[in-house]
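Asks: Keeping their order, the protein sequence lines are chains U and G.
All the letters of the first sequence, read from the start, carry residue numbers 895 to 1005 under the numbering used here.
All the letters of the second sequence, read from the start, carry residue numbers 3 to 118 under the numbering used here.
No lab work stands behind these hints, which were simulated from the structure alone.
Only a predicted model underlies this, so the values are computations on that prediction, with no experimental measurement involved.
All C-beta atoms, glycine included, are put in the ideal place defined by N, C-alpha and C.
Just so you know, not all the hints are guaranteed correct.
Simulated crosslink set (BS3-like; lysine-lysine; CA at most 25 Å straight-line) [claimed, not checked]: (1) U/Lys899 x G/Lys11; (2) U/Lys932 x G/Lys11; (3) U/Lys899 x U/Lys965; (4) U/Lys932 x U/Lys899; (5) U/Lys965 x U/Lys931; (6) U/Lys965 x U/Lys950; (7) U/Lys899 x G/Lys59; (8) U/Lys1004 x U/Lys965; (9) U/Lys950 x U/Lys931.
Computed footprint of chain G on chain U; a stretch qualifies when at least three of its residues, placed anywhere within it, have a C-beta under 8 Å from a C-beta of chain G [to be verified]: (10) 908-922; (11) 955-967; (12) 989-995.
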Amino acid sequence: DQQVKQNSPSLSVQEGRISILNCDYTNSMFDYFLWYKKYPAEGPTFLISISSIKDKNEDGRFTVFLNKSAKHLSLHIVPSQPGDSAVYFCAASANTGKLIFGQGTTLQVKP
Amino acid sequence: DSGVTQTPKHLITATGQRVTLRCSPRSGDLSVYWYQQSLDQGLQFLIQYYNGEERAKGNILERFSAQQFPDLHSELNLSSLELGDSALYFCASSVSEGGRGYNEQFFGPGTRLTVL
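Full structure from sequences and hints, please.
Replies: Printed below as a string of structure tokens:
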């Protein structure tokens, strides 16, 4: 049972444009959502998070939007840079330490 | 550098053997988490310890066990290894126990286990 889904395995965008990565979830008990970035041969790196009581959180070039009624969140990267090329994971937790991860989306930013 | 260290970086062993993976959390973090990433699966939560006590358990096999020591480092023990146990094993740490809307976890570089 995949409670957190990232339906796009890959995404390619041009440098300077917006990257939008999407994530859907099924468990209405999730109260905290996170995005991680992962480069090959490294561990996931925390990017940005959002509590279920908010609908938007912004940190520099990264913004996460949460639509609770649709059980959907998205990560916007503006402007995209070649160094952003990596695998992006969304994750969710339900008032515990356990994080449920999506399968990941590979982002390629072309110069 | 997340501040979480894991040893060894790579481990190659044979079926039926037992191995121990080690993790040192970031300074000040009390929670340690273990995750498994197989080729065909995403990151799967295994187990969490908070200040020496087990706090949450995922789909961890009975052949696997973990503990967190008084100095807060943690070890994941994998026994009777099978080919399917080959995977990346990540450790993560956080300040809090998790929950109550706050759960940023910081990951180590992982241990790649290959079972032949």
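Asks: Which earlier hints can't be squared with this structure?
Replies: 1, 8, 10 and 11
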